[in-house]
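A.B. asks: Listed below, chain by chain, are the residues.
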Amino acid sequence: MTTRLFGEGIARREDPRLLRGEGRYLDDLGSDALEVAFVRSPHAHARITDIDVADALDVDGLVALYVHEDLPARLREPLPLLIPHPALTQPRTACCLADAVVRHVGEPVAMVVATDRYVAEDAAERIDVTYEPLEPVVGLDAAARGAARVHDDVPGNVAAALVQEVGDVDAALAQAPHTLDLALEIERSASTPLEARGVYARWDADDGTLRVYSSTQTPTSVRFAVAAKLGLPAEKVECVAPDVGGGFGVKIMHPWAEEILVPWAARLLGRPVKWTEDRVEHFVAATHERAQTHDITVGFDDDGRILGLDVRFRHDNGAYVPYGLIVPIITATQLPGPYKLGAYRVAFESLYSTTCPVTPYRGAGRPQACFAMERTVDAIAARLERDRAAVRAANLIAPDEMPYDIGLVFQDGRPAIYDSGDFPATLAKVRELIGWDDFPRLKAEAAAEGRRLGIGLACYVEGTGVGPYEGGHVHVETSGRVNVYTGLSSQGQGHATVFAQIVATELGVPLDDVHVTTGDTRRFPYAVGTFASRAAVMSGSAIALAARKVRAKALRIAAEALEANPDDLEISEGIVRVKGSPGDAIPLKAVAVLSNPLRYAFDESARAATQFALPASEDRPPIADDDEPGLEGRDYYSPLRSTFANGMHAAVVETDPDTAEVRILRYAVVHDCGPLINPRIVEGQIHGGVAQGIAGALYERMAYDEAGQLTNASFMDFLMPYATEIPAIAIDHLETPSPLNPLGIKGAGEAGVIPVSAALAAAIEDAEGIPIHRMPLSPDELHALRARAGGEAS
Amino acid sequence: MKPPPFTYHAPTTVEEAVDVLAEVGEDGKVLAGGQSLIPLLNFRLAAPEHLVDVNGIGALDRIALDDDVVRVSAGVRHARLERHQAVYAACPLLRQALVHVAHPVVRNRGTVCGSIAHADPAGELTAVLVLLDGTVHLAAQRAGQLARRDVPGSDFFRGVFEADVGADELVEAVTFPRLPARAGSAFVEVARRHGDYAVCGAGATVQLDERGRIAAARLAFISVGPVPVAVDLTELLAGAAPARVRLEAVAEQARAAVRPGSDLHASAEYRRHLAGVLAARALQEAVADARDRRDRRREP
Chain A
1 MTTRLFGEGI
11 ARREDPRLLR
21 GEGRYLDDLG
31 SDALEVAFVR
41 SPHAHARITD
51 IDVADALDVD
61 GLVALYVHED
71 LPARLREPLP
81 LLIPHPALTQ
91 PRTACCLADA
101 VVRHVGEPVA
111 MVVATDRYVA
121 EDAAERIDVT
131 YEPLEPVVGL
141 DAAARGAARV
151 HDDVPGNVAA
161 ALVQEVGDVD
171 AALAQAPHTL
181 DLALEIERSA
191 STPLEARGVY
201 ARWDADDGTL
211 RVYSSTQTPT
221 SVRFAVAAKL
231 GLPAEKVECV
241 APDVGGGFGV
251 KIMHPWAEEI
261 LVPWAARLLG
271 RPVKWTEDRV
281 EHFVAATHER
291 AQTHDITVGF
301 DDDGRILGLD
311 VRFRHDNGAY
321 VPYGLIVPII
331 TATQLPGPYK
341 LGAYRVAFES
351 LYSTTCPVTP
361 YRGAGRPQAC
371 FAMERTVDAI
381 AARLERDRAA
391 VRAANLIAPD
401 EMPYDIGLVF
411 QDGRPAIYDS
421 GDFPATLAKV
431 RELIGWDDFP
441 RLKAEAAAEG
451 RRLGIGLACY
461 VEGTGVGPYE
471 GGHVHVETSG
481 RVNVYTGLSS
491 QGQGHATVFA
501 QIVATELGVP
511 LDDVHVTTGD
521 TRRFPYAVGT
531 FASRAAVMSG
541 SAIALAARKV
551 RAKALRIAAE
561 ALEANPDDLE
571 ISEGIVRVKG
581 SPGDAIPLKA
591 VAVLSNPLRY
601 AFDESARAAT
611 QFALPASEDR
621 PPIADDDEPG
631 LEGRDYYSPL
641 RSTFANGMHA
651 AVVETDPDTA
661 EVRILRYAVV
671 HDCGPLINPR
681 IVEGQIHGGV
691 AQGIAGALYE
701 RMAYDEAGQL
711 TNASFMDFLM
721 PYATEIPAIA
731 IDHLETPSPL
741 NPLGIKGAGE
751 AGVIPVSAAL
761 AAAIEDAEGI
771 PIHRMPLSPD
781 ELHALRARAG
791 GEAS
Chain B
1 MKPPPFTYHA
11 PTTVEEAVDV
21 LAEVGEDGKV
31 LAGGQSLIPL
41 LNFRLAAPEH
51 LVDVNGIGAL
61 DRIALDDDVV
71 RVSAGVRHAR
81 LERHQAVYAA
91 CPLLRQALVH
101 VAHPVVRNRG
111 TVCGSIAHAD
121 PAGELTAVLV
131 LLDGTVHLAA
141 QRAGQLARRD
151 VPGSDFFRGV
161 FEADVGADEL
171 VEAVTFPRLP
181 ARAGSAFVEV
191 ARRHGDYAVC
201 GAGATVQLDE
211 RGRIAAARLA
221 FISVGPVPVA
231 VDLTELLAGA
241 APARVRLEAV
251 AEQARAAVRP
261 GSDLHASAEY
271 RRHLAGVLAA
281 RALQEAVADA
291 RDRRDRRREP
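Chains A and B, in that order, give the protein sequences.
Using my numbering, the first residue of the first sequence is number 1, and each one after it goes up by one.
Using my numbering, the first residue of the second sequence is number 1, and each one after it goes up by one.
There could be a bad hint or two in this list.
Residues of chain A clear of chain B, computed beta-carbon distances all greater than 12 Å [what the hints assert, rightly or not]:
{"hint": "1", "residue": "D116"}
{"hint": "2", "residue": "P587"}
{"hint": "3", "residue": "D705"}
{"hint": "4", "residue": "A784"}
Simulated restraints on C-beta separations [as the list claims (entries may be wrong)]:
{"hint": "5", "chain 1": "B", "residue 1": "M1", "chain 2": "A", "residue 2": "R74", "range": "24 to 34 Å"}
{"hint": "6", "chain 1": "A", "residue 1": "L384", "chain 2": "B", "residue 2": "E235", "range": "48 to 58 Å"}
{"hint": "7", "chain 1": "A", "residue 1": "T115", "chain 2": "B", "residue 2": "P104", "range": "51 to 61 Å"}
{"hint": "8", "chain 1": "A", "residue 1": "T115", "chain 2": "B", "residue 2": "N108", "range": "52 to 62 Å"}
{"hint": "9", "chain 1": "B", "residue 1": "N108", "chain 2": "A", "residue 2": "L269", "range": "35 to 45 Å"}
{"hint": "10", "chain 1": "A", "residue 1": "P424", "chain 2": "B", "residue 2": "R83", "range": "49 to 59 Å"}
No wet-lab data here; the hints were simulated from the structure.
For each residue, glycine too, the CB sits at the ideal point set by N, CA and C.
Bound conformation, chain A alone (with noise of 0.2 Å):
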């Protein structure tokens, strides 16, 4: 017997604390940090002419004051382009103070230390700045015009240009029997974690060492990237995250201008300094992300099947491009979803425009492209007349076509080739978990009643688990406590549930033993970051591979100890045994004792390790050559490229003839992200992406106006939606493994999101009998849909 937990929904252990409130989140640590607040800028586009920081001199219990100027050269100079691309022609990024130009509501602009957040803010509010004005540009079409500049030395705003295509699309299209235009749209949107950022320094002037917490989905990087900009060795520097509440995105984002700044001033004051940021500094000053529009041109046959297909998409990225073009690049990848497209061609330019930054949010670009596929699939079938089941299932890439190279270049400068899948069986149990073929017959008897219904369904495609890598280290106490540590954060996904389900089942220990650390560059410094559903795959495979290597040491060990040969040997609830003797035996504790020869005998297992008590080997030394002490293991997994996840979803939704409300009265999900490690925990990340998803379709917007004020910063007007807007989701899996790492999982973490915004937009259009092309829709603008539609509406 083997102790398996790899796919045991089994509940998650990081719960009972969390629930209990004894998380530590950012600001429950450091009660003795000086505290800091930030003097953000009021206009979207302005030049600073002065600071006047008299009046804030005198609050009582004020630290330190600082603006651009008062920086150190490193600080000056702009923040780090995190993803260069060769498109990306003119990369630009923020200081970490604004240099005499602002370019959007929330930029810092001072930043004040004091005695705690209360007397920060009194000081910041006496801080006097004088801005002249300068013409704002709000959206994508004021970005195009490119009538103002964002930047002075970007002509039409334009940060990159990049166009992808595989085929001939003028041709496909020059021949296709049918062809269509749409126009379609999606706006702004964001992370909108529980828990904003959040940043706490320590200098130890003792050790000459900076300790760094933040709430960040990269602690490794960040460490790396405060070490830079403070010109400090790595070594002297360390960065840990905390319990992070919720991420999605916006946390892989670094290093912030706070982010450097904190540490900077913790170190120049030689006492700990703590930033929390509040809700308004988070919905103006981290990152936002979705807004696009979208122009398409298909070409199609009788069937609906696809011959070409050309994208030219506009990408709103706000005011700088930090993390690069990975957004946009993603969507334009992302697009041909499960389908055979014929010929492709997909053109985007990213613009700037006085607007928070954008940078990847949940999805990532995905929500985006599935909108826009899946739109263009049901106006065929609408086109055709034909059932829209039936016109994706013409065009879905068959599963012995796997690997299914879409000749495009990925978001990981990898080709993207679709490992795995079986979109027709998927497509088949999406059909049958909504109640597709079913459904005319309860439309109609619903609209006997005088009640409107309507269906939709969505499919995708998800890039995930991208390289370049990830590590793990499994190390066996000799209490027989395992430790394991991977370098990526955890913010929330249940890590430390899955992550010791892997060991418990690789090494054959019970789960209880097994203690996970994740985040903490003091346990592991190598890592990339949580991000792009790729923790599971990427941490989870090195993890595996560590957990083998500590299986391969322990049966070495135990087969000298009992004298047996290793390949008889199996390990389960920790105990080594011999197949079939279950008398020969040794607990692995014992084994970590072996595997560590002491001299000295501080506690009874080391005194069973030292040099008299083992049985003595005269003609080899205690360690041999190619050995180490200790019973851990430590590997690495870079996989040749990203796994592929696919999904479909569909939704049943009820229209309001009389106040254009929207109910959700059915929703199905089916997802295949290979091999569960825990189904619990993927139908939990399904749950919450799918909330997210009704959140980007029906509530969430960023309501910039024409200045480039965002009017709705609070969760009063920024309508994130309750448990109470979200109904109850069926959810039903496949499991094709991808045969690209050892346990043969794919991401799960953005999956839900993804095809929301389609599949309600679908049934929405389907009830309502109204083309629907941009998302999100309000009761309000589906009332105003309805009367330029002259529709019975009253």
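Start from chain A and add chain B according to the hints.
C.D. replies: This is chain B only, laid out in the frame that chain A set:
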């Protein structure tokens, strides 16, 4: 999001409270449930120099019923009034409206009098006060003495966040008349999310005659003007059998009466449209409520 500095006062009697208010004048603000005031402070949208916390005044923590009215003192939380069975029997519109006020955690802290004093045009209780023509009881210090005055509910609201209450006055209590026999009430609204401020909301009271025909009907709307908008349907509906009411005419009268504006969440046009939809719904629910009440009274 931290409040600017202020001086905190914690009186334990109404007399002390009005003394402090008289002393600090325009620089003071009464703190009760704090569900609107504290966010305003934290956003630094308001910066009163003095906060007069009335939560410690035991005498204000009272709900009193007599033959005519329900009297709700300044310390009473929404949740307590909402769950009060005798109040529900006497004045069902209070519970019918209160369940729409934000979420249970807000209702656990927020006060009825505070919500009325705040005069938010989206506040459900403003419409209740106007619809029932309740009374606002104010206390102040005048020439060293505790002085009281009453304002009729229909005259109380003056504009957005503006009411007939002076900086030195405390809303000590509000009274709501009991629902007469053969009457019913309802409150309906459309909100973007469960518990949000209404995009449009409507309260209704209906008085039936002995034959079950409509004797009187009134509506009051929130979120469609700077103050709650009352609409008297009696002229239109008096003598009509409820089943024969022309709901379209009701909707039209409502749409003609409201003065909505546009904001982030809804256009004026949509709000006006909703006022008509909700007028019809509220009226129908109030009729059903009146019949329910009548039937329950008939049961042994």
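A.B. asks: Against this structure, judge whether each hint is valid.
C.D. replies: Going down the list of hints, with the structure as the test:
{"no.": "1", "hint": "D116", "in the structure": "violated, 8 Å"}
{"no.": "2", "hint": "P587", "in the structure": "holds, 51 Å"}
{"no.": "3", "hint": "D705", "in the structure": "violated, 10 Å"}
{"no.": "4", "hint": "A784", "in the structure": "violated, 7 Å"}
{"no.": "5", "hint": "B:M1 to A:R74: 24 to 34 Å", "in the structure": "holds, 31 Å"}
{"no.": "6", "hint": "A:L384 to B:E235: 48 to 58 Å", "in the structure": "holds, 56 Å"}
{"no.": "7", "hint": "A:T115 to B:P104: 51 to 61 Å", "in the structure": "violated, 37 Å"}
{"no.": "8", "hint": "A:T115 to B:N108: 52 to 62 Å", "in the structure": "violated, 33 Å"}
{"no.": "9", "hint": "B:N108 to A:L269: 35 to 45 Å", "in the structure": "holds, 42 Å"}
{"no.": "10", "hint": "A:P424 to B:R83: 49 to 59 Å", "in the structure": "holds, 55 Å"}
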